[in-house]
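**Student:** Line order of the protein sequences matches chains C and S. Under my numbering, residues 1 to 252 are what the first sequence spells out, in order. Under my numbering, residues 1 to 252 are what the second sequence spells out, in order.
Derived by calculation from the structure, the hints in this document are not laboratory data. Remember, predicted model here, so these are calculated numbers, not experimental data. Backbone N, C-alpha and C define an ideal beta-carbon position, used for all residues, glycine too. Among these hints, one or two may not hold up.
[Claimed, not checked] A few chain S residues that face chain C, going by a derived Cβ cut-off under 10 angstroms, partial list only:
#, residue
1, Glu24
2, Gln25
3, Glu72
4, Pro75
5, Ala76
6, Gln77
7, Ser80
8, Ile126
9, Ala232
10, Asp246
11, Lys250
[As the list claims (entries may be wrong)] If you want the ones that stay clear, here's a sample from chain C, every Cβ over 12 angstroms from chain S, calculated:
#, residue
12, Ile17
13, Leu178
14, Asn207
There are 2 protein chains.
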Amino acid sequence: MIALSKNKAKFIKSLHIKKYRKQEQLFLVEGTKSVLELLNANYQVIMLLVSQKFWHQHQNVISSANIQEIFEVSPAQLSSVSTFKQNQDVLAVAKMPDQKKIKPAAGEWWLALDNIQDPGNLGTIIRTADWYGITNIIASMETAELYNPKVIHATMGSFIRVNIAYYELNEVIKSTPLNVFGAYLDGVNIHTYEFDEASGGIFLVGNEAKGISADLEQFVSVKLSIPRFGQAESLNAGIATAVILDNLRKYS
Amino acid sequence: MIALSKNKAKFIKSLHIKKYRKQEQLFLVEGTKSVLELLNANYQVIMLLVSQKFWHQHQNVISSANIQEIFEVSPAQLSSVSTFKQNQDVLAVAKMPDQKKIKPAAGEWWLALDNIQDPGNLGTIIRTADWYGITNIIASMETAELYNPKVIHATMGSFIRVNIAYYELNEVIKSTPLNVFGAYLDGVNIHTYEFDEASGGIFLVGNEAKGISADLEQFVSVKLSIPRFGQAESLNAGIATAVILDNLRKYS
């Protein structure tokens, strides 16, 4: 292991910014849980910054992973290049994988994100999709960036198992043979709606403030509603997605 | 209406910080939706900063609310005292209400928050509780502060309708006659569990990283599980709470 030069520290910090992530096709993964999942998966890791403690505890995982350069750093050094306020353990710089599958096939369940803006929401939606066995997500071009460190962190490692493709959502939605589901205030009660799990379908998740866009609404084949028992006007986009997926799986 | 002095702007900015909120017993409410809900409720508003547009659109609401001082400000002035990057419309300084009810009674459904740390999670949980008709929450003393502007924003106005009391959670949980429910990986399947809605109960929501604390676990009378169909290790605390509340209400 070698020491981290000032230039390399600067390079890592440049990856806090979207423009440089895009240019370099690299992104940051921070914290023990996420980095361990990364190392166990098939990602190309350009740099790994480890504390002495992490190095000693996880030598086996490190030695069997695909890593170009490893640096031993102090907790202070780690925090200074991390987007976390305090990062005591580990940070990886990984290569973005190629664009994923974008076409939903019969029998598959997909999420389609129509301009989800909040990084925490996007990350939580990916984590929730992973929990409910939804492994494909298509996101509109305006959706928050997957490789934003806040998104990666909120997925808690699920970005590795869920394919997320950015594409013209209209193109996909208007030509799909699958049912397209959307959540509305006046749709069919999701507690009694019987999903045909074998057919598959696409859940359209609307923007946090504006909901499902007018362009896409015409393609919604089933309007669903989450029954309300109190007085909040709406649910958070990630929460609504989770409740719908839980109801999809309720008879499984 | 009068112009905002430098001193008052400084005072408002001091309320970005917990210490000064506590000292003054005041907090900020920002953005149109939240402030309109505040003005329609019975809160004491010390200062209201409005854009010309907000003033013209909402004069009726403003004139019937309990407001000490009103200032007309430019969008730039508003943004400079707001915690939002851009606040074009309105900001209120409101008085914290007195401590709320802390003792769950038979037949009521409560949430009990065991050290929820993320302000976004706390706000989302309050909003979700409001949607599902849960109007009482008790939070451990270590839980994130309700009056953190990020929490208030994430509630989308629901902080007005949901009572949140901070108290020694142990004291309440160990003496309650109600069933105490907690989410675990190896509990009873929530899709088939039949809640007795009329009896009431307390849902204990564990810390984001550590789950339900050992001190409290002994008082959990029903261990529930949200079935998993994929590979994520866990769900976000707010997501798990929503899925449980949705299942509580599924036969209503």
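**Student:** Which constraints among the numbered hints does this structure fail? Numbers only, ascending.
**Tutor:** 1, 2, 3, 4, 5, 6 and 7
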